[in-house]
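Protein chains in written order, with the numbering used here: chain A, 1 to 109; chain B, 1001 to 1113.
Misleading hints may appear alongside valid ones.
Keeping only pairs whose Cα atoms sit at most 30 Å apart, straight-line, the calculated DSS-like set for lysine-lysine is [what the hints assert, rightly or not]:
id	chain 1	residue 1	chain 2	residue 2
1	A	76	B	1070
2	B	1070	B	1021
3	A	76	B	1021
4	B	1070	A	69
Here are the simulated distance ranges between beta carbons [stated by the list, open to error]:
id	chain 1	residue 1	chain 2	residue 2	range
5	A	12	B	1053	23 to 31 Å
6	A	95	B	1069	46 to 54 Å
7	A	72	B	1054	33 to 41 Å
8	B	1074	A	32	49 to 57 Å
9	A	36	B	1081	55 to 63 Å
10	B	1053	A	27	25 to 33 Å
11	B	1081	A	104	48 to 56 Å
12	B	1061	A	63	16 to 24 Å
13	A	23	B	1081	38 to 46 Å
14	A	55	B	1050	20 to 28 Å
Covered by chain B, per the in silico footprint, the following chain A stretches (three or more residues, Cβ under 8 Å) [what the hints assert, rightly or not]:
id	segment
15	25-31
16	53-62
17	65-75
Source of the hints: derived by calculation from the structure; they are not laboratory data.
No experiment lies behind these values; they were computed from the predicted model shown.
Even for Gly, the Cβ is constructed at its ideal location relative to N, Cα and C.
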Amino acid sequence: MVRVSTAGLLTLSGLAGLVHTTFAVIQYRQLLKLSQEEFEALPATIVLELCISTIVALLGAYILAGPIKVIVMPAKGRNMDIGSLRTDLVSFNMRSRAMPLDIPPLQPH
Amino acid sequence: MAPKGQEQNKIEDLINPVAYKSNLQALNFLRNFVAVVAGIVVGICGVVGWHGFIYHFLAQLSCVVAMFLKGCTNPTSYFATWNNLLFFGVFSSTTLLSYILFWMIFYNVCHVF
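So that you can see chain A by itself, here it is in the shape it has in the complex:
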């Protein structure tokens, strides 16, 4: 079973509303062509539907984006875990650990 969050539902609803608005505009323009009138502006109902769909879609995206966090770690209250965040002090696992320390230097033949 697919679980959809509230934010996802809001976003999908907003996008569906925008698609429905598109079809409404297409039908309105076809009606104008049949009555041989020029297109001047969209009717108020379509504009209202467009606004509501946009607001709902943007609200869903706002929630989907997630929270933001403080990036500054003050001097007080630091713990030892921050050592892994200092890229200057990151250690890499490499074969040098397996090499003995007392390797004699190569002698020229």
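Put chain B on the given structure of chain A with help from the hints.
Quick look at chain B alone, frame taken from chain A:
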């Protein structure tokens, strides 16, 4: 004994790179989505011409407002610099081209074909 000049220097605050990356990802996602929705709206409304890009930049500015609503009271504590909050991803190809693509598609579907 340390010289007096060194005693006056403050220890710089560390920046958490995981939180920084997460914040920028949230901003990037919002910017891309807003660009798509703005392109759709502008295309449905039938906007033509270069002034259509004004709506794109207005929509990107709304992302800054959204970040303030999310609790970003001090941008330097969440995005390191004001430039990051104002301009990160605004002029990227993904955002701009997405806006143009959806603007073109929905204008053509509604008003041309």
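Provide an ascending list of the numbers of those earlier hints which the structure does not satisfy. As far as the earlier hints go, not one is violated by this structure.
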